[in-house]
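K.L.:
Sequence:
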Amino acid sequence: MKISVVICTYNRSALLRDSVADLQAQDFPASQYEILVVDNNSSDDTRTVTGALAASSKVAVRYLFEARQGLSFARNTGIRNAAGDVVVFTDDDIAAPANYLNEIDRVFTDPTVAAAGGPIRPIWPGPVPEWLTADWHGFLTINDFAAAAETGFFQGPCEYPWGANIAFRRGIFDRIGTFPTDLGRVGNCLMSNEEVGLCRKIQAAGLKIAFAADAVILHKIPAERLTRQWYYHRTYWQGRSNAVMNAENPAELYRGLRRYLDLLAVYRLGQSFSAFDRRCIKREAIGYVQQLVQQQSGSPAPAPVSGFRHLRWLAGSLETVVASSARCALQQGRAEQQAVMNQIGQLRCEQDVLMGRIGELQAELARQKDLVLEKENEAQAKGDQVAALLNSLSWRVTRPLRFVYDLVGAGSLVVFLKLAVNILRHPRTVIGAINRDTLKLAWGYLKNGDVKGLAGGVSYFVGRTSPSTGYRPQILHGTIDPATPLMLPACPQPLVSIIIPVHNQWAFTHSCLASIIEHSGTIPYEVIVADDLSSDDTCRIGEIVHNVRVVRHQTNLGFLRNCNEAARLAKGAYLLFLNNDTNVQPGWLAPLVEVMERDAAVGMAGSKLVYPDGMLQEAGGIIWQDASGWNFGWRDDPEKSSYNYVKDADYVSGASLMVRRELWEKTGGFDGRYVPAYFEDTDLAFQARSLGYRVVYQPKSVVVHFEGVSHGKDVSTGVKAYQETNKQKFVERWREVLQRDHFANGQHVFQARDRSRYRKTLLVIDHYVPMYDRDAGSYFMYSLLRALVALDYKVVFWPENLYAHQPYTDVLQQMGVEVILGYHDFGAYLSEFGSYFDGAILTRNHISIKFIDMVRKHIPRVIYHDPDLEFLREQRRFEQEGGSPAELKKIKDREFYLFRNCDIIGIHSPVERDIILAELPGADVEVIPLPIQDTMPSAAPFSQRSGLLFVGGTHPPNVDALRYFIQDILPLLLVEIPDLTLTVAGAVSHHELKGLDLSHVTFTGFVDDLRPLFEKALVYVAPLRFGAGIKGKVLEAANFGLPVVTTSVGAEGIGLIDGKSVAIADNAQAFSVAVLALHRNQELWELIRYEGRNYVESNFSQRALQAKVDDVLGKLLRTGKQ
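Numbering (UniProt numbering), first residue to last: 1 to 1122.
Some clues are possibly wrong.
[Claimed, not checked] Calculated cross-link-like contacts (lysine to aspartate or glutamate; reagent style EDC-like; alpha-carbon spacing at most 16 Å):
(1) Lys-571 / Glu-662
(2) Lys-58 / Glu-34
(3) Lys-201 / Glu-224
(4) Lys-1115 / Asp-838
(5) Lys-760 / Asp-838
(6) Lys-729 / Glu-662
[Claimed, not checked] Label-pair restraints from in silico Cβ distances:
(7) Pro-978 / Asp-893: 49 to 57 Å
(8) Thr-522 / Trp-131: 43 to 51 Å
(9) Tyr-758 / Ala-60: 22 to 30 Å
(10) Arg-673 / Asp-613: 32 to 40 Å
(11) Pro-612 / Arg-1103: 44 to 52 Å
(12) Thr-48 / Pro-612: 45 to 53 Å
(13) Arg-598 / Pro-222: 31 to 39 Å
(14) Ala-60 / Gly-177: 52 to 60 Å
(15) Ala-205 / Ile-849: 32 to 40 Å
(16) Ala-30 / Ala-223: 49 to 57 Å
(17) Asp-893 / Ala-1104: 30 to 38 Å
(18) Phe-1003 / Ala-205: 26 to 34 Å
(19) Pro-29 / Phe-1006: 35 to 43 Å
In short, the hints are calculated from the structure, not lab data.
Please read these numbers as outputs of a predicted model, since none were measured by experiment.
Ideal placement from N, C-alpha and C gives every residue a C-beta, glycine not left out.
Sequences are here, hints too, so could you generate the full structure?
P.N.:
And the structure:
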């Protein structure tokens, strides 16, 4: 189990140095943990100190920067970047005993533990003041957690682990979310309780929060905290934090207020309490009420009054809140009363109408009785006609169409009808595309119930010879009156500051703002319009646009200085420069933020720019050695593959450019040497790379740019004349970089477009874009692509059907994978681009056999990945069901042809590796881990479960296994458990099981989320009699903590141990005995559940796959065939 330790810090580099040193000296294996230092916008030498610690460390130490001030923001940055299975949070002023991480690791061996915490003990700076009694030590982050120590678990509601010593299983954040950003310390605002909400959600999910008694953290108490003034400040903010925590529950909110008022009375009257005690509780109560008033009224509460007037102030504030609430309630009640009276009047009118209708309906009923008799006679006649139809030629001819409709189901009727229309409209094209391969592909779609995939395939064949219709943007300019009032959202704490530099052109500015309002979604943003001495209606912007921030200069500064001045006033963590001659498109803003949030190394991100006619203007920019630039993709179809994946770019246009505030401040903004305009955005991109940041293009952020409105197009006049002058300045500054890292003008565009000159490039081929939530093979391919991207390979993915299955294609493109769509000539593609590929990865023999010869011709290094040995699977099937020896030989010959024509064979099972090596002793065969999804185990206890679960598609081994179970095993089980049920999830259906008694079987069809089924079932069954490779569903069930009963074939190659981590049985009698044993023996059920989950989690992870892929590719690219 790997651990990520997150330390958040702000301007305390000296303390940080010692804390990290303690964590580097842990007894825990250095390769099994990492330390993430999250710098929360420090101005000291934190980055330098972290770099020095990392340079001399056996343990991986990573530096992360979070510009948004606040402990919760910093911790969430740590979560996003953590690579460990467990994420530990501690502070920058701690000491950690050498056994600390071993104790954390030990407590998480229980798969039902989602979080854990341990004691926090003090290192005092000197004598403890007499006035500071033990009752107040908790405010210094000191706690032995006595209640949790007794039971071994945190039970809540008042006791949970604290942030200086708390750990979470990484996957839990996907279920419950991350730290709330309205809590947690922000500078001198000491908000707390940020971990309490997470712990409550964990307990609500039925999961455990363990107490790790020996995982002790020592907290270094600063001397300045041992003062009364600090305590008064700290208790005030504790009160505010408590109010925020209780805000979701009004009863709890006012119960807390009552508690404070009671405490105040006790402390005021009690003779045994010190003045310090009384003042602290007053301050805490004041904080609570001030936050309560602010929450109830929606506006900041008045500052508290000093001295003995606290109680009067509290009572007055409370009275104001209660009175306001009462008035609102009274007004609402009166409005509701009037609404009810209106409804009564309406109902009385309707009653009169209905009474009249009753008479009409009685007459209609008599008429309908006469019609029934008439229709019965007609029905008899129709019955005779139906009998004739069933025996007709047309009914027999259309049987396949009815079968297809029955197979896909009524839920896909609309798609099915569209598919039929497409075929009927283009019969020659569809018939021309029919061959053995396309028929096989179509049958595969139908078997899996994927009508959308089939429809997409037909649409591809119909449309691939037709020109693209092009992207159709939404244009507001010219359709909206520039005098129309606009309302931007009020946002006191924006994440993004959108800066729009303007000089006249009010109509464009107005439509730009209107598009921002309409298409920016839920991202918190502000808009700053930087008016560079306009003389048109821009001067009236404050009258027309509400909540816009306007910066107006008294002299014309020019574009560059205008931007820099406006940026000084921005509040957001991200600055987004946007030309006023733009119309943003739906959902444009979130993708820019997401690409920044995913990777702290991204310093700049730019949008896809399109012209008003929908043609592409720019998909990231290319700079050549002579500093001339290309708008990559200019006037092309913006929906082509090469323009739709996240990638690095030489620069991204300032027409829509997001910059991380940290980077902006380090560079000082746009460089003044380029005043008034041009090359400032390109220069900033080059500066960003020189500081270690990435500059990326984000295709999902689409912006229409009315090019030339701001500065015109004539390079000999106006501001545009500076374009050539500034180019020369740019060359002088970056000459060495241009010569070293950039190509001659127009050369090697394949590499120039995404800066892949110094990266290895891989071509990956599979049958279609992996639908990773549907089958284990697709999840493996998705995981493999993730690993390749993480290892910094440039990845081009070629799906054989060339169809954009969504949302899966978007996911790959956002990872940075170029997905080829719409090409139909693989040979032509390789002839043009094959020389740029360092290697290729092919998978599935029936797919790879079509590509292997062309790939070997153009790409010298090849891995063939075999999900399982098809010839072995078919041989076992042959032994069960019989078949054609000639067909079996054909399959084996095809598979071994691929083995002989690749450099490395990737296989999942060590058993299958040995089979291949027995026939090809010199082959290089690597066992590649089959990863499973990182998920929390199902939480339902033994007593709340019942029934059996089987998950599978229409793959022959699955159908045979299900038939075998229902026919031979289930009857034996029903003798002992008459009400036993089997739930079958996946594409397999009753069609494949005709003739069997299915009265105890429920079919769910394809299920998006299997967790509810794994939570309900008691045992997972996988009675496979033939097949090959690692069985993904066996791994998945074990990973969910559901005990598995399977056969030797089902367990082959995994390494699970019979009777300990799995139950294995190879005949019907033994299989039923194993299932019954798990029903009757809870101790055995718990053992197999725990051991199975633990084994799978340790051996089949994404991390294990990535490490193996790194090793295999390193060898391949050193020794591949030439």
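K.L.:
Would you mind marking each hint as holding or not holding in the structure?
P.N.:
Hint-by-hint comparison with the structure:
1. Distance restraint check for Lys-571 and Glu-662: the Cα-Cα separation of roughly 12 Å lies within the 16 Å cut-off, and the hinted pair is therefore satisfied.
2. Between the alpha carbons of Lys-58 and Glu-34 the distance comes to roughly 10 Å, so the proposed pair stays at or under 16 Å and holds.
3. Restraint check for Lys-201 and Glu-224: not satisfied, since their Cα atoms lie roughly 35 Å apart, outside the 16 Å limit.
4. A threshold of 16 Å between alpha carbons decides the hint, and for Lys-1115 with Asp-838 the separation of about 13 Å falls inside it, so the pair holds.
5. Simply put, Lys-760 and Asp-838 have alpha-carbon atoms about 6 Å apart, close enough for the 16 Å limit, and the pair holds.
6. Distance check on the hinted pair: Lys-729 and Glu-662 sit about 25 Å apart at the alpha-carbon level, beyond 16 Å; violated.
7. The beta-carbon spacing between Pro-978 and Asp-893, approximately 51 Å, falls within the hinted interval of 49 to 57 Å.
8. Checking the proposed 43 to 51 Å range against Thr-522 and Trp-131 shows it holds: the Cβ atoms sit about 49 Å from each other.
9. A hinted range of 22 to 30 Å holds for the C-beta pair Tyr-758 and Ala-60, which are about 23 Å apart.
10. Remark: the range hint 32 to 40 Å for Arg-673 to Asp-613 is upheld by a beta-carbon distance near 36 Å.
11. With their beta carbons about 47 Å apart, Pro-612 and Arg-1103 fall inside the hinted range of 44 to 52 Å.
12. For the pair Thr-48 and Pro-612, the supplied restraint of 45 to 53 Å holds, since their beta-carbon distance comes to about 49 Å.
13. Hint check: Arg-598 to Pro-222, Cβ distance near 36 Å, so the stated range 31 to 39 Å holds.
14. In this structure the hint that Ala-60 and Gly-177 lie 52 to 60 Å apart at CB is violated, the actual value being about 27 Å.
15. Taking the beta carbon of each, Ala-205 and Ile-849 are about 47 Å apart, not inside 32 to 40 Å as hinted.
16. The hinted range of 49 to 57 Å is not satisfied by Ala-30 and Ala-223, whose Cβ atoms lie roughly 34 Å apart.
17. Distance hint for Asp-893 and Ala-1104: a CB-CB separation of about 33 Å, consistent with the stated range 30 to 38 Å.
18. For the pair Phe-1003 and Ala-205, the supplied restraint of 26 to 34 Å holds, since their beta-carbon distance comes to about 29 Å.
19. The beta-carbon spacing between Pro-29 and Phe-1006, approximately 42 Å, falls within the hinted interval of 35 to 43 Å.
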